[in-house]
Amino acid sequence: MSLLQHFNLYHGDWMKKREELNELFESRPPFPFTVYPEDEIIYGQPFIIDSFVHEITTRIPSTNKVVPVIDYYLETFGYEIKFPETFAICFTFNPLFFYPAELLYLHELDSYETPLPNPFTIVL
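The sequence shown begins at 32 in my numbering and counts up by one.
Keep in mind that the hints are not guaranteed to be accurate.
30 Å max Cα-Cα, derived DSSO-like pairs, lysine-lysine [claimed, not checked]:
no.: 1; residue 1: Lys47; residue 2: Lys113
no.: 2; residue 1: Lys48; residue 2: Lys113
no.: 3; residue 1: Lys96; residue 2: Lys113
Hints were generated in silico from the structure; no laboratory data involved.
Take these sequences, add in the hints, and give me the full structure.
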């Protein structure tokens with residue numbers, strides 16, 4: 032399940048709860064995510080920034096050209112961001128690199144090393 036799907040399913044209008052969700056993320060240990068479409072696995076505590084995905088830019092490593100994130104994913108991976116009007120996500124270990132929540136996939140909560148209290152309230 033993507034982080035965006037999780038937010039929508041368990042938190043409804045999650046963008047209005049940004050500060051509350053960030054506090055919850057901060058109180059949890061780092062958790063594994065798979066970044067689509069690269070299938071890169073990262074461990075971290077997500078942080079919801081107060082900027083929409085379509086407002087974020089990134090640098091293309093091969094050219095050093097700065098482009099909007101939505102163009103980067105389209106040009107690099109052929110993936111069109113479906114929800115550009117949602118807040119972008121970064122991780123506390125690298126607060127300068129942003130992801131659309133639709134591209135971050137959660138690993139099974141059951142596989143987590145430490146039992147977490149009431150998994151239905153966890154925002155990972």
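Item to check | Distance restraint between Lys96 and Lys113, which requires alpha-carbon spacing of 30 Å or less | outcome: Holds: Lys96 and Lys113 sit about 23 Å apart, inside 30 Å.
Next on the checklist: What's the verdict on Lys47 and Lys113, does the C-alpha distance respect the 30 Å limit or exceed it?
Outcome noted: Answer holds: Lys47 to Lys113 is near 20 Å, not above 30 Å.
Next on the checklist: Can you confirm whether the C-alpha distance between Lys48 and Lys113 stays at or below 30 Å?
Outcome noted: 21 Å, holds
In terms of the numbered hints stated before, the structure departs from none.
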